[in-house]
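Got chain A; can you put chain B on it based on the hints?
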Amino acid sequence: MDGTATTPATTPAPTPAEVGLSPPGVLRRVLGHPGLVAGIVLLGFCVAMAVLAPLLAPHDPYAQNLTQRLIPPVWYEKGSWAHPLGTDNLGRDYLSRTLYGARISLLIGLSVMLISGLIGTALGLVAGYFGGRVDLAVNFIITARLAMPVVLVALAVVAMIGGSLLVVIMTLGLLKWDRFAVVMRSATMQVRGLDYVAAAEAAGAGRLRVLAGEILPNVFPHLIVVATVESGSAILLEAALSFLGLGVQPPLPSWGLMIAEAKNFMFFSFWLIAIPGTALAALVLGINMVGDGLRDVFAPEGRA
Amino acid sequence: MLAYSAKRLGLAILVALLVSAVAFALLRLSGDPALAIAGEGARQADIELVRTTYGLDRPLPVQYLDWLWTVARGDLGQSLYFRTGVRGLMADKLPVTFWIGGLSILFALALSIPLGVLAAVFAGSWIDRVALAVAVVGQALPTFFFALVLIMLFSIDLRWLPVSGSDTWAHFVMPTIALGYYVTPPMMRLVRAGMIEVLSSDYIRTARAKGLSGASVVFKHGLRNAVVPVVALAAVQLGYLLGGSIVIETIFALDGLGYLAYQSITHKDFPVTQAVLLLLSLIYVLLTLAADLLNAFLDPRIRVS
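Chains A and B, in that order, are what the protein sequence lines are.
With the first letter of the first sequence counted as 1, position 92 gets the number 92 in my numbering; the numbers rise by one all the way through.
With the first letter of the second sequence counted as 1, position 305 gets the number 305 in my numbering; the numbers rise by one all the way through.
These are computed hints drawn from the structure, not numbers from a lab.
Please read these numbers as outputs of a predicted model, since none were measured by experiment.
Ideal placement from N, C-alpha and C gives every residue a C-beta, glycine not left out.
One or more hints might be untrue.
As the list claims (entries may be wrong) - Derived coverage of chain A by chain B (criterion: at least 3 residues anywhere in the stretch with Cβ under 8 Å from a Cβ of chain B; other residues may be distant):
#, region
1, 71-83
2, 139-148
3, 153-164
4, 211-219
Pulled out of the complex, with its shape left as it was, chain A reads as follows:
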């Protein structure tokens, strides 16, 4: 921007969004949004579980003990503090497995978000910025991708290649870019016609420079919101795949897999599915509340 600072067109009046994005403004709005604060607390709790799992877990999450099978959690009559959340059908400590499970879910959420975010953002930016035939082509790809049911394609791919953490991450990452592309495309279209973009172009900035330097920072709030919500949805998808036996493989403590393994025992030991199920719902709830909250903070007019 330095070479163009002499022309008046390069100093556009700050938009309301820009004003709101100054650090003190954001902090005030975040704290004034109870849903967002609750979401951050919930998500922070899950992240702490994942990070501190080696310190918090009372046992090795993989260690089996066939003499200690299906012990109920401590709040049941037969429970004990040796296994606060009980043990599973192989005698593995359920609290330790649940704690380590947070790592898998968060890893899935983050990596899928990064891969699909990269693909979708690139497609959306290019389509929205260049318009015309490029936009038509990208729109066509998005429509075709949306026509294919994610669960079915992911199940088929994982079944063919073989289930592992890496395969699940790659499969979901290569499938779930649609929302990024759709949102980035329309956000770029809105920004594209604004004065500072035209000014940068007039000043001779290359297309890549305009995209990365002018457009991307201004559509960033949209990107963050989509990324948040999409990582939650990726976590749910991994759990569903693992639940069906075509995702992460045993003995990894994926919450979806834990529910699948406990399914045959749920009639007598309901807590075996209730604990990972609640953990999964709480994590995704936290992520979605953060996403919803950020949407309000970035665009206060969105929710009356």
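Frame of chain A, contents of chain B only:
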């Protein structure tokens, strides 16, 4: 309208073709079909024989065009696992999936329209917050976990409903709730946003100024306009549902397309997987085409742009 329809139809056909190519490539490239047909532990000579008999040694594009032509004539091949024609197999299972999909959409509409309208009319009140909570929880709850909780509650504790199968209407209650709740949140949010926009528009204020009562304004003038995009979204969501019903059908052993897809995937029955993927995608393409045309018909602004 005609020009728009023609353009939209052209896009739908192109998308259908691309999807068919992906469906074909995906299941051909990620495994050796000759090995799958010959079965585990087959001799190399047998595998080669299968390869030449089924024409699997030809170049992929040739195989694709051949396959497309066969599919276009209604021949979907033979199932490797069920040992019967894929078309007949799918025709048997399709009604169950349509029932579960249709019922779930009705359930979602029945929940999201009143809740969304109430949330919009009383925006900011506790009713609005309850509606929002229903939506937020619905988006976070894993469908398979919710389904298991429903089974525990209604089948084991209360003994009201059967656990699995698809013989009577009672078998459809829990799958409908589980799948319907899954698609409720986006629809409810859309109803709420649409109602808020409509209620603050000029003609509603005029209607109020004329002295019309609150309920009359909301239902006669407001809802009618706010519900149009919801119907279009419902069509798209129905497409999602048909894909998402794989998990639910598998849990409840509902004998529909989703369960068939799951079985075909676990048994490496690639002609069936391919056919289900193609069919579900085509249904989605048709539903979105119908939704777009309906929207354009109702809102002339879409046609022009």
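These are the hints, each one checked on the structure:
1. 71-83: violated (count 0)
2. 139-148: Answer holds; 6 residues pass the 8 Å Cβ test.
3. 153-164: It holds, with 7 qualifying residues against the three required.
4. 211-219: violated (count 0)
Hints 1 and 4 from the earlier list are contradicted by this structure; the remaining hints agree with it.
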